[in-house]
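Trainee: So you can see what is in the structure, the chains are spelled out below.
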Amino acid sequence: MNDAATLVLLTLAATLREATPLVLCAMGGLFSERSGIIDVGLEGKMLMAAFFAAAISAVTGSAWLGIAAAVAAAEVLALLHGFACITHRGNQVVSGVAINILSAGLTVVLGNAWFNRGGQTPALEAPGQRLLPLFFPGAGDNILMYVALASVPLTWWVITRTRFGLRLRAVGEMPLAVDTAGISVPGLRYRAVLLCGLLSGLAGAYLSIAQNAGFGRDMTAGQGFIALAAVIFGKWRPFPAFGACLMFGLLDAVAIRLQGVRVPGIGEVPVQLIQALPYLLTMFLLAGFIGRAIAPKAVGVPYEKEH
Amino acid sequence: MKPLPRWADIVLMPLINIALAFVIVGIIVAVIGVDPGKALKLLVVGALGSSESIGYTLYYATNFIFTGLAVAVAFHAGLFNIGGEGQAYIGGLGCGLAILALDRYLPAWAMIPVAVAAAALFGAAWAAVPAWLQAWRGSHIVITTIMFNFVASALMVYLLVNVLIAPGSMTPQSRNFAASGKLPQVHELLDRLGFQVAPSALNLSIVLAIACCFLAWVFLWHTPWGYALRTMGHNPDAAIYAGTNLRRMTMLAMCLSGALAGFVGVNELMGVHQRIVLDFPAGYGFAGIAVSLMGRNHPLGIVLAALLFGALQQGGAELAFDVPTITREMVVVIQGLVILFCGALAHLPRPWLQYLLAPRAEP
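Chains L and B, in that order, are what the protein sequence lines are. Last residue of the first sequence: number 1296 in the working numbering, and the count goes up by one each step with no gaps. Last residue of the second sequence: number 497 in the working numbering, and the count goes up by one each step with no gaps.
Heads up, a few of these hints could be off.
[Said to hold, decoys possible] If you want the footprint, here are the derived chain B segments under chain L, 3+ residues with CB under 8 Å: (1) 153-167; (2) 274-284; (3) 461-469; (4) 477-491.
[Stated by the list, open to error] Here's a subset of chain B near chain L, in silico, CB distances under 10 Å, partners left out: (5) Val263; (6) Arg271; (7) Ala288; (8) Leu289; (9) Phe420; (10) Ala421; (11) Ile423; (12) Ala424.
By construction, these hints were calculated from the structure, which means they are not laboratory data. The structure presented is a predicted model; accordingly, all values stated were derived computationally and were not measured. C-beta: ideal position from N, C-alpha, C; glycine also.
Make a model of the complete structure from these sequences and hints.
Mentor: The structure is reproduced here in structure tokens:
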């Protein structure tokens, strides 16, 4: 009995650890998408942030400076996305793909040039260089995990209960109406994109200086896309998206636990199947087999002000 | 503001966009402490300096032609296929499975067409699912093709680790293909004709790539289906009015796109690796977006862009070999910047050009 309880607790902690970057990233993506800007570049922002967090923390010895650098790096990419999609009305998907590819290359190029370890950053071993668990040493409950948990009700509150949130939703559904009311459409969208940069930057920092002790090439491994899938799975609403993140986190935790284990009656469950499940489930949802996912109406459409 | 003259739109704008991308690359190279001029020289020599390096440049360009065409064909139909990576992967699986099943029974002249057809079929099938989901169930093709890249990758890891792995092998790869499953290398053919060329990975896939370019051009601009496909891309309402079945056209465009991406498997597995290996698409699917954007979605432009990207890939590898501070990923950075400047920021120089090229009033 005690064993079962321990197993449940361990799995729960692992789920939270795996879900934290997804939650942060998904809340960021939610702000962006609700304002009408598709963000395929979550993955790239998170990767770049993870690199700068580990690099700066390794050089300065301060995890807090690492977080600041991560957020700054993600914000630069967010502004680039905004500049391309809002100011120049470029294709939002193309811009996101460009950011992903750019980050995948640049992190390795800079990492190799600065640290000479084939794209990795030095291992973070000194006490101040990483974010450590606050209350339960075994659970890995560092500060960013609590930030992630707090970000969900906060996002919900901002989007549904504040004036900014109302306008944000309006600009994602019908920018013309917002413009007619005398509110700047680009201004609102830039603010949404910057919030997205902040949250995906924290997600990246979590990966490299909290969950792991250093940056490795392509360490996001598709988690930005899983976060995007969670936004869609949660139908662009904070709490359902959080639920999707927890589910995907649980799948990850289970995949790690089931590696090479034979389940009675089923045999060995292929880990790759569990890894592919978030994507497959999202596709089922998108295909309308599990309810209906309706995106904000103006998502992906550049707004052209009439002169 | 007046629209730009046609030559400026087709030639000048892309050149300015590429130049901007390379200025940023130069800055990055300088930041990591390498002289950009020296790096450029090493890159050009590495890409074009010998018959061996030219062979490798053309071999890389072959992959870029396939994925560039794949993106372009879908793009003309108004569909954004970001799933080239997964389609190439599964196309290679099809090609490899056909060879593993039949290479002991068929001679090369029969084996090669069957394997090429299998690559096209599997690539098309992998693209058909997102196409079907978009056409019949209304889910967005960008999202579904991204998801399918990851599903393809998971599937291939599973198959290679658990099913296809060669008996006794420690690395996840299939057994070697028999000789009939090998595409002739270009240097061998030239040797037989009496020309001495250094060996490289360049194989007959490049002929397939050129043929695909020509066929894509004929299909898109000189057949009723191509016309209907492009109409759908420009104005779906007009296409419906003209009697086009948009659902079937979506399927057709995506299947062609997937088949083209699947040919990367032919070049990589039949031309080079001689077995099914992990991760052979190595980013070619994503780079196809850059190639297509740079080539303005036209087969001729795609060939030119693919040659540039092939040269970058080969020259970048040589550069990374010569200068330890620069890694091969520099090429990935360049690809990302090209997508950024030729795609998302394509209209950045337009206002300046409009100002410069506008006819001035006589004083």
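Trainee: Next, verify each hint and record whether it holds.
Mentor: Hints, verified against the model:
Coverage of a stretch by a chain is defined here by at least three residues with a beta carbon nearer than 8 Å to that chain's beta carbons; for the region 153-167 of chain B and chain L the count is 3, and the condition holds. Beta-carbon proximity to chain L at under 8 Å applies to 8 residues in the region 274-284 of chain B; the threshold of 3 is reached and the given coverage holds. With 8 residues carrying a beta carbon less than 8 Å from a beta carbon of chain L, the region 461-469 of chain B meets the three-residue requirement, and the given coverage holds. Closer than 8 Å: that is the beta-carbon criterion, and the region 477-491 of chain B has 6 residues meeting it against chain L, so the requirement of 3 holds.
Given hint, valine 263 of chain B at the interface with chain L, holds; its Cβ is 8 Å from that chain's nearest Cβ, closer than 10 Å. Hint on arginine 271 of chain B holds. Least Cβ distance to chain L is approximately 4 Å, under the 10 Å limit. Among the interface hints, the one on alanine 288 of chain B holds; its C-beta lies about 4 Å from the nearest C-beta in chain L, closer than the 10 Å criterion. Interface hint status for leucine 289 of chain B: upheld, as the beta-carbon distance to the closest one in chain L is roughly 7 Å, under 10 Å.
Using the Cβ-Cβ criterion of 10 Å, the hint placing phenylalanine 420 of chain B at the interface with chain L is satisfied: the shortest such distance is roughly 6 Å. Hint on alanine 421 of chain B holds. Least Cβ distance to chain L is approximately 8 Å, under the 10 Å limit. Restraint check, isoleucine 423 of chain B versus chain L: the minimum CB separation of about 6 Å is within 10 Å; hint holds. Look at alanine 424 of chain B: its Cβ gets to within about 8 Å of chain L, closer than 10 Å, so that hint holds up.
The earlier numbered hints are all upheld by this structure, with none contradicted.
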